[in-house]
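*Asks:* Which chain is which? The protein sequence lines are G and H, in order.
Note that this note's numbering gives residue 236 to position 211 of the first sequence, counting from 1, and the numbers run on in steps of one.
Note that this note's numbering gives residue 285 to position 242 of the second sequence, counting from 1, and the numbers run on in steps of one.
If a hint is listed, it holds; no wrong ones were tucked in.
Derived list of chain G stretches under chain H, where covered just means 3 residues or more per stretch with a C-beta under 8 Å from a C-beta of chain H:
hint, segment
1, 99-113
2, 211-220
Cross-link-like lysine to any residue pairs, in silico, SDA-like; alpha carbons within 25 Å at most:
hint, chain 1, residue 1, chain 2, residue 2
3, H, Lys-277, H, Gly-138
4, G, Lys-138, G, Ile-161
5, G, Lys-262, H, Arg-315
6, H, Lys-375, H, Leu-417
7, G, Lys-228, H, Trp-351
8, G, Lys-228, H, Arg-160
9, G, Lys-262, H, Ile-322
10, G, Lys-228, H, Gly-60
11, H, Lys-375, H, Tyr-70
To be clear, the hints were calculated from the coordinates, so they are not data collected in a lab.
Think of the CB as a built atom: it goes at the ideal place given N, C-alpha and C, for glycine as much as any other residue.
Here is how the chains run, residue by residue.
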Amino acid sequence: MNIIVCVKQIPDPETPAASFKVDEQAKKVIPAQGVAPVVNPYDPQATEAALQLRDAAGGGKVTVVSLGPDSARDAIKHALAMGCDEGVLINDDAFEGQDNFQTANALAKAIDKIGEYDLILMGRAAADWDMGVVPIGVAQALGIPAVTVAKSIEKDGDSVKVERVLDDGFQTVKAPLPAVVSVSNEFGEPRYPQLRQIMMAAKKTVEVWSASDLGLSPDEVGEGNRVLPLEALYIPKIESNVEIIEGESPEEKAATLVARLREAKLI
Amino acid sequence: MDFGLTPMQEEIRTNVGRIMQRFGEDYWLARDEDHCFPDEFTDAMAEGGWLGIAMPEEYGGAGLGVAEAAVLMQTVAKSPGAMSAASAIHINIFGPNPIVVFGNEEQRQRWLPPLIRGETRTCFGVTEPTAGLNTSSIQTRAVRDGDQYLVSGQKMWTSTAQEADKILLLARTTPREECERPFDGISLFYADLDREHAQVREIPKMGRHAVDSNEVFFDEMPVPVGDRIGEEGKGFQYLIHGLNPERILVAAEAIGIGQEALDRAAKYARERVVFDRPIGQNQGIQHPLAESWAELQAAWLMALQAAWLYDNGQPCGSEANASKFLGAEAGKRACERAMITHGGLGYARELHIERLYREVLINWIAPVSPHLILSNIAEKALGLPKSY
Ligand SMILES: Cc1cc2nc3c(=O)[nH]c(=O)nc-3n(C[C@H](O)[C@H](O)[C@H](O)COP(=O)(O)OP(=O)(O)OC[C@H]3O[C@@H](n4cnc5c(N)ncnc54)[C@H](O)[C@@H]3O)c2cc1C
Chain G
26 MNIIVCVKQI PDPETPAASF KVDEQAKKVI PAQGVAPVVN PYDPQATEAA
76 LQLRDAAGGG KVTVVSLGPD SARDAIKHAL AMGCDEGVLI NDDAFEGQDN
126 FQTANALAKA IDKIGEYDLI LMGRAAADWD MGVVPIGVAQ ALGIPAVTVA
176 KSIEKDGDSV KVERVLDDGF QTVKAPLPAV VSVSNEFGEP RYPQLRQIMM
226 AAKKTVEVWS ASDLGLSPDE VGEGNRVLPL EALYIPKIES NVEIIEGESP
276 EEKAATLVAR LREAKLI
Chain H
44 MDFGLTPMQE EIRTNVGRIM QRFGEDYWLA RDEDHCFPDE FTDAMAEGGW
94 LGIAMPEEYG GAGLGVAEAA VLMQTVAKSP GAMSAASAIH INIFGPNPIV
144 VFGNEEQRQR WLPPLIRGET RTCFGVTEPT AGLNTSSIQT RAVRDGDQYL
194 VSGQKMWTST AQEADKILLL ARTTPREECE RPFDGISLFY ADLDREHAQV
244 REIPKMGRHA VDSNEVFFDE MPVPVGDRIG EEGKGFQYLI HGLNPERILV
294 AAEAIGIGQE ALDRAAKYAR ERVVFDRPIG QNQGIQHPLA ESWAELQAAW
344 LMALQAAWLY DNGQPCGSEA NASKFLGAEA GKRACERAMI THGGLGYARE
394 LHIERLYREV LINWIAPVSP HLILSNIAEK ALGLPKSY
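Can you build the whole structure from these sequences, using the hints too?
*Replies:* Structural data, given as structure tokens:
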């Protein structure tokens with residue numbers, strides 16, 4: 026079974042709030058000093074799923090793909106250390122500032138270039154923007170089904186059986202292969218690479234593809250060609266006030282509280 | 044000159060950091076209270092292959108250098124695990140070095156793979172009640188009896204002896220009076236810690252309760268000649284071969300603990316509001332913390348330089364000693380400053396600072412004291428008369 030896993034390197038979600046800054050003019054997040062980027066926490070789960078499915082199928086290949094800066098190589102190396110077979114980094118300055126749709130498009134092109142695949146796995150969302158649209162975008166671009174937020178994945182002949190996490194329960198669906206499945210944290214803990222695997226991964230070469238290697242033209246990529254233009258980027262100001270509701274009796278306090286909540290349009 | 048960590052060292056930090064995250068502060072506080080060895084943690088480290096980081100590849104190790112081992116130990120100690128975590132695996136990381144360098148092939152095959160897999164546990168029997176820094180004064184005797192030795196005497200402070208099935212043991216094979224130089228006549232063994240002939244008694248101590256330290260009494264404990272490392276009488280030379288790496292690792296651990304304490308202090312100083320402002324806005328609070336940051340950073344660079352020298356086959360005695368000295372002082376001071384930054388809460392067990400402080404003091408005292416380090420640097424680096 027041949028599987029492609031897409032992984033993303035993101036700013037560390039544990040970055041202290043005080044160190045999180047944006048450049049409102051440039052509409053960019055300013056990387057926090059001294060905080061190294063990390064692998065998106067859902068992606069090792071997608072990688073784990075890929076490895077389990079490959080091994081259950083008794084063979085095949087898992088290829089890791091990441092679109093990002095040169096440092097995203099680390100995210101790929103981590104997946105290789107976990108046991109993936111090959112790695113591809115999609116890296117080009119031309120991608121700077123582009124949106125999720127453009128990224129999905131570029132990933133789809135890379136997946137096409139890799140060629141043979143039965144399944145594409147991704148994390149349910151990237152914990153930086155938390156939008157979770159890239160899996161669907163990739164499926165759309167490739168013209169194959171997308172199943173999101175998976176808790177378990179099972180190959181069943183020419184299809185996959187996926188248990189999805191919903192707000193109020195679980196849903197089991199079946200999709201013909203090839204398909205895109207996004208994996209949720211409910212899948213379970215990913216494996217920890219062993220030191221020997223880390224060393225082997227360190228020796229593996231990661232292929233690097235540019236925009237032109239993927240047949241993307243300059244008028245498709247980068248900030249200037251966003252599908253979803255970014256109007257403004259800012260950290261919302263959160264103000265909190267405390268108001269103690271006074272009153273003679275509990276009933277009176279409750280009535281005043283209800284009135285205040287109505288006034289504030291909270292109920 | 045490249046001051047950055049290599050990609051491999053970065054990987055070590057990330058992956059070991061992930062393992063450390065599985066063992067939270069509650070886990071380590073509970074082990075400190077119930078005095079139970081952190082088996083789950085050592086199992087996880089063995090499973091990941093980390094115990095063999097500096098052991099040769101042909102025996103199941105990773106064949107990496109002291110620099111990598113230092114990054115490993117600094118990452119382990121820069122966690123709520125502190126020395127409870129570090130000491131639980133410390134001996135595995137560089138302790139077997141005399142076996143690697145001076146053991147024969149049969150011994151290496153027999154001893155190293157199970158150690159690296161975490162199947163055997165060993166301890167380190169050097170210190171005695173009357174022989175601390177003056178190692179040549181050891182009195183534990185190994186008397187030849189046919190194809191074995193019989194070991195009698197007493198060791199002191201032997202850490203992890205409660206769990207260990209093996210002991211790297213230094214004993215006299217020739218009485219000191221009969222030797223030309225005090226360091227002659229000492230032999231090194233890697234022996235079964237045979238409970239029939241070795242009584243292990245735990246020493247109640249100030250901290251690091253998860254990892255025991257003991258008095259060990261030997262009564263004619265038989266050790267086959269085949270368990271002696273190298274030649275008879277040369278044990279002390281074999282032992283000192285591994286001392287520089289050990290100092291570097293002890294430094295890395297102290298620095299890790301200091302950084303953990305400092306991170307906690309800085310977080311608290313940002314959040315705790317007294318007199319309508321975060322306490323960290325007062326220079327009386329922020330300057331000592333900034334000073335600790337600088338001290339820890341400097342000690343870390345010293346440790347990495349010493350490791351680099353060792354890994355490149357160059358002499359590193361003074362550098363390794365200096366890193367242990369600076370690392371322990373910086374780590375200790377960072378814990379002290381973290382405590383006063385937390386005010387009364389610094390003294391409460393649930394905030395972990397007092398535990399970090401109790402644990403970092405080990406790195407200050409052992410395996411070599413600041414006095415002896417300075418005496419050694421004075422002699423070796425400055426050419427002053429030997430004072431000890
Ligand atoms: C928690 C813990 C765990 C340990 N684990 C182990 C272990 O696993 N295996 C093991 O073998 N040992 C272990 N040790 C022992 C440790 O290595 C020794 O305590 C250390 O070497 C110091 O020896 P000592 O205690 O006998 O001090 P001493 O040698 O008695 O020294 C006492 C004090 O006098 C000072 N001093 C002595 N001579 C001079 C001089 N000439 N000039 C100036 N000052 C001097 C010393 O610096 C020290 O401050 C452990 C110790 C501790 C606390």
